[in-house]
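Visitor: Each chain, written out:
2 protein chains.
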Amino acid sequence: MSRPDKFPSKVTIHMVSSLDGYAASRDNNVEWMNTKDRYEQGIILTAEEINAYLASIDCYIMGAKTYEHALELGWPYGDTPVQVVTRQPRSSGKDSVSFHSGDLTEWVNQVLKTRYRNIWLVGGPDLVRQFIRLNLADEIIYTIVPVLIGGGYPFFDAIAKVQPLHLKDQRAYANGMVELTYEILKTDGLP
Amino acid sequence: MSRPDKFPSKVTIHMVSSLDGYAASRDNNVEWMNTKDRYEQGIILTAEEINAYLASIDCYIMGAKTYEHALELGWPYGDTPVQVVTRQPRSSGKDSVSFHSGDLTEWVNQVLKTRYRNIWLVGGPDLVRQFIRLNLADEIIYTIVPVLIGGGYPFFDAIAKVQPLHLKDQRAYANGMVELTYEILKTDGLP
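Going line by line, the protein sequences match chains G and H. Take the first sequence: its position 94, counting from 1, is numbered 94 in the working numbering, and each next residue is one higher. Take the second sequence: its position 116, counting from 1, is numbered 116 in the working numbering, and each next residue is one higher.
In case anyone wonders, no lab produced these hints; they're calculated from the structure. All C-beta atoms, glycine included, are put in the ideal place defined by N, C-alpha and C. Mixed in with the good hints, there may be bad ones.
As the list claims (entries may be wrong) - Pair ranges (Cβ atoms, derived):
1. H:D79 to G:P76: 32 to 42 Å
2. H:N135 to G:T80: 42 to 52 Å
3. H:A47 to G:E40: 27 to 37 Å
4. G:E40 to H:N135: 44 to 54 Å
5. G:N29 to H:A47: 44 to 54 Å
6. G:R26 to H:T105: 22 to 32 Å
7. G:D95 to H:N135: 45 to 55 Å
8. H:T105 to G:L45: 41 to 51 Å
Unchecked claim - Subject to a maximum C-alpha distance of 16 Å in a straight line, what follows is the list of computed EDC-like cross-link-like pairs (lysine to aspartate or glutamate):
9. G:K168 to H:E40
10. G:K168 to H:E179
11. G:K65 to G:E106
12. G:K113 to G:D58
13. H:K161 to G:E31
14. H:K161 to G:D27
15. G:K94 to G:D126
16. H:K36 to G:E183
17. H:K65 to H:D126
18. H:K168 to G:E179
19. G:K161 to H:D27
20. G:K94 to G:E72
For reference, chain G alone in the conformation it holds in the complex (with noise of 0.2 Å):
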């Protein structure tokens, strides 16, 4: 797959979080992301514009425990290409997934980025880390939902850096989850 010329690559972190800043329990239990809640004046998306909303995704990046928890999920990153990060390459059994190890900066500008336009990085803590502190990543989507769980791996775990952001988008969803979409400000400290 080639870049269209017209629109630039793209690196997104995507993960939906507890209010309290988790992305996932100590234990991976998922039940807390199905919220119950109902938000009267909240968008409901139909299938159709969820399907085209994952179709636009050319790639995931991932750390290795997330990569182990999505296979323990049932897989729902389809065929659509997978790059695990991990110290430990292994073969995967998917022709879509592959591994890397070592430098991120040049793996991401010259290569992932010159192939994939829309790549989403979805976990975890130290991987959003390591590609906020190399000014690696364009886009945060942070997806909230309705609960406190009290404890577990965070979204953000102390970055130690400050990094301004600025407010593109927000919604509100009708099961009480909200989704604000930052851009990353290519800038080194309060601007």
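Take the given structure of chain G and dock chain H to it, following the hints.
Guide: Frame of chain G; chain H shown alone:
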């Protein structure tokens, strides 16, 4: 001040937070709250609206560190009653300030809620955790500044409890801040 019968008293947890969930930086620097962002579709409040909103608050609750920080910042609470929860009561020199030590549940339900209608808990993390664990809070207003600060005092510090919420309201402001209002559901665990 006696409680109007037609409106029950309510305890609202309200703090401003970075997107990575910190309500304060370690050095109490508040520069990150002064966002330079611009969100075209966002709301702008008039000075009258802000004053009416603040005037609706009947009492503030805070911990000792938040109190000391407020003194350093020039006391933003005017003459509104302030209750400081601390193990070391002291004299304040302000008639509007009282100190409380010991049990929280009876004090909130039997003392504060019979005196004040609109009670705001404004930090810090220890007190927020206790209020959620003891079921003493009714509402959370979570206001997100478009910035990652990378470390500091978290809004929610590992409360070790699953607490379902109901999204009541959400709005974005022209300065890129997003305000989410949640009802704290009176149920243990997931609904």
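Visitor: Report the numbers of all earlier hints that the structure fails to satisfy, in ascending order.
Guide: Of the numbered hints given earlier, those the structure breaks are 1, 4, 11, 15, listed in rising order.
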